[in-house]
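Sequences and hints are given; from them, build the entire structure.
In case you want the letters, here they are:
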Amino acid sequence: MAAPGMATKKRLIVLLSVFTISVFALIGRLAHIQFVQGYELQKKAFAQQNTGRVISPIRGTIYDRNGKKLAISVQAATISCNPNEIAMNKKLTVREVAEGLAQFLSMEEDEVYSIITKKVNSAIIKRKVDRDTEIQIRTWMSENSIRGINIDEDAKRYYPGGNLMSHILGFTGDDNQGLMGGIEEVMDKYLRGVPGKILSEVDARGSAVPSEREKRIDAQDGLNVVLTIDETIQYLVSKSLDKAIADNKVEGGAVGIVIDPNTGDVLAMVSKPDYDLNTPFAYPGNIELEGMDPEEWIERSRETVNILSKTVWRNKAVSDTYEPGSTFKSITASAGIEEGVVTADTITDDFPIKVAGWPKPINCWRVGRPHGTETFREAIYRSCNPAFVKVAQSLGIDRFYSYLRAFGTMDKTGIELKGEAKPQFQEKPKEIDMAVASFGQRFTITPLQLATAYTAVVNGGKLMKPRLVKELTDSEGNVVTRFEPEVVRTVISKQTSDIMKDILEGVVADPRGTGSNAYVRGYRVGGKTGTSETTREGVYIASFCGFAPANDPKVVVLVALFDPRGESHMGGVIAAPVVGKIIEDTLNYMQVERQYTEEDLKSLAEMVLVPDIKKKTVEEAVKELRAVGLKFDIEGEGNTDSIVMEQMPKPNAAVPEDSVVILYTYRPDEPKTVSMPDLSGKTLSEAIYAMNRIGLNIKVSGRGTVFRQQHGPGTMIEKGTVVEVEFRNLDNVE
Amino acid sequence: MKSKKPFDFLLFMTVLILLSLGLIMLFSASAPLAEKESGNIYYYINRQLIFAAIGMISMLLAANYDYHKIGRKTVWAMLIVSVVLLVLVLIPGIGSQANDSWRWIVIAGFRFQPSELAKLALILFLSFNLSRRRRPLETFFGDLMPYLFVLGVISVLLLLETHLSATIIMIAITMIILFVAGAKIRHFAVLTVPVLLTIVAVISFTDYMTPRINSWLDPWSDPRGSGYQTIQALYAIGSGGLFGRGLGQSMQKFLYVPEPHNDYIFPILAEELGFVGVLAVMLLFLIFIWRGIKIAVHAPDVYGCLIATGITALIAVQSLFNVAVVTNSVPPTGVSLPFFSSGGTALILFMTEAGILLNISRYSRYERI
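Chains as they are written, first to last, in the working numbering: chain A, 1225 to 1958; chain B, 11 to 379.
Not one of these hints is a red herring.
Using 25 angstroms as the maximum straight-line C-alpha spacing, the simulated DMTMM-like pairs for lysine to aspartate or glutamate come out as follows: (1) A:Lys1233 x B:Glu148; (2) A:Lys1342 x B:Glu269; (3) A:Lys1267 x B:Glu269; (4) A:Lys1234 x B:Glu148; (5) A:Lys1342 x B:Glu47; (6) B:Lys46 x A:Glu1320; (7) A:Lys1315 x B:Glu45; (8) A:Lys1233 x B:Asp311; (9) A:Lys1342 x B:Glu45; (10) A:Lys1855 x A:Glu1942; (11) B:Lys46 x A:Glu1309.
Hints in this document: simulated from the structure, not taken from any laboratory.
What you are looking at is a predicted structure, and each value in this text was computed from that prediction instead of being measured.
Structural data, given as structure tokens:
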């Protein structure tokens, strides 16, 4: 057979050439992939191979200004799974795994099943699982040698105060991110920290590669946030508001704000109704929901979330605007005095004033009992509307509103909370708008904006930016960032501020003042009442904005009660005493020394402690009682040598001088009782007489005439009992 | 009778190195899959070692079996057996299916792939008949048509299996053999017309190629679907760099790269051994091709020349095609890498074919250096 010819050989050489070129072309292609595209491809491959599990960082703690913990993170676990590995369990079927997990986690079995059969490498079954459950699951897993379930540390947020800080803090969502516009949300970027990761190289089906390649990148914990809030003051305000709401049948909620006027530090900010931060989605037991059965409450449903965000989740202190009413007169007065259009001693009057664009003349609120000519100081004491209209008119629209803007009442304060409402003013105010604005009507601002304006009135004229966050600290407690108090602008001079403090102290201290119910013995309280109308007939907002001590204010306190349905809706009657109480408690707590007036000392001297006279002879007992200025009444037979078996009031009770102590010369089976008289409308001396006459004692609060008595008329009570009686000035207060 | 010489030692060594490297890589690449599928990481390598042993014996037998003894009866018998098996494989119950293709017949627990046998049968059939011709390949219809008819029958059967890559390889080796056998260049030009028409028709009228073309042009358009295997292969190759992650250190073999033990073994090799390893393998194949062509050139007769050409072309086309697919240089289709990919029929037959090549080298008309 013939050997291949030249033509064949040539064609074979062509063939070899083609193959050789192909080989080198492919080598070139490989080099391109490995060297030119290599980095990108490697990165993508790495990302794909390292679908790690996240280690949640520990969220920072939120402290109050004294280091009390307001929000803490407690250990919890996140249960996740690797559906591919779960399917490979030998001992249990996927169904059985779902059943077990559902039981431990109190979830629906079908829900768990759908998660653990997802076509992904990793799926989260449940977050924020507590320690006990975690241990149960771990035990169950090892007993049944279950693979494919991962338990990673996580943190659950806990709020020791429950309801106390609800609106300041807000709560966190499933991913531990802050919600509700509170500090948790606003400071989230600091609190959150940086998540870590467990990097285990995984194959395409998601099971971990068998090697020591598991890498751990530790989470970086979040920073702690230190607030300006003082938990104790917050508590005092909250309790006072609760009582005020109950006493005055307040239906629309309440706001209480305490600010340090010198720094703008918000020491307390309470909005009622509130909610428990630990169970934010639960049925709100503290409000009335018509047609809403607690049984039918579905947590996190659109409907219930909607209800919650309109009610208990709402921070009325920053999100709701209202007409400030007469509390706003301090602003008008400050502007007038600063501009020299009026002084404290300028003579003015309460004659009804006619303003263009309004059919009826503007009257003083006590139009039935006119007071005629008066100084401007007296006009403020009496909260006389025409006097303020005149001041505003002297200022003119431009100057008047420029002061309103300077006092910050036309802008948001910029506090570290989301959802702050913008004040609502007429765009182009007319004469009549200004006239009614001079006494706080026909525009709306938030309670916080009003309280903030007061800081400038009383601190020497500087408008402070209200603030909630003092500093950020790291896990060792080192201060990372300190936020300094911020002066927004100087609004009025120190002289004007001093005059205003003096006048506003008079509003409370002077017998003619409308704010006398805010009076606190020993603390010089200043302030201004307010009773606002709303767009709804018969719905009022009773408020009082006070400060103390008047000569060197440490706190500005605003209380607003929305829609009170009790005996009175007047700010001077129902809000002023709440502010008085908050100021007394707060300054007492802050250990501000009391400065007693002579009148205060006199009334204080009247209080005595009941001595312990049991087991003494009647003669000795009477001597002791007389020595401290107490009267006595002997129950039972006996002479001066008889032994006192029982006494009422008990030893060491503080009672006014001249109170009656009942001495029993026998051991009473049942104490003697008397019928409680009706004290309403009585003056202090009338009330004391009526009580002591039948062997009852009185504990006085407030001034004026009897407003409320602890026990209703006709109630049978033990002789010698000290009965709390509230006095109020009802005559002059607005 | 011609004098017998020792066979081409360089080719023999090249085959041994490729086979050894292939076995090592197969073990590394198949271990995770084997563990996942059977719990035994040695599953694939154990089988492959058995096939390699059979292949070695088969290669040595072939190297010592005078290829001239492969006569008319043998080539016809092989062709007919191949065609019958290719028909049988299409019958459900006899043929077994994988990935929507009918490619195997299960015999005693081992899967036999008739298309691999058909490749050798076709090479031998064409080489035998072309070498027995007295006239040159003058006319298209008179001279070329019988060979193209045989190719056509096999191609149609393979297409029915939906075994496109095998079809392409059959066409390629037939064309190469005809080219070397002296077919007119203009006849190839004529041939390209129906081939192009077929390709256009397949692309436009069936959905078979559409996703392949799309994923070839932009694998990232469907990273979890048609582009998945290409992307995973590129990740693996790209992760290799110059020296690779090291033997056994591939991450992509952990079930990311589909068929890491089979069609996609080369990316795993690229990932573990890097560009250096890739270059070595490519050069080993080039040495194989060079020696194969050299054997063809020096063959004592046209029969030996054409057989050597066919076998060399088969291994060259298949290996280059495989690398082209995994580097996304051509649209993806399943083609295995000779000496590397898992698969008994293919390995044994490749070894046998290498043996035949070695046998031809023993009758070389030139002294070897």
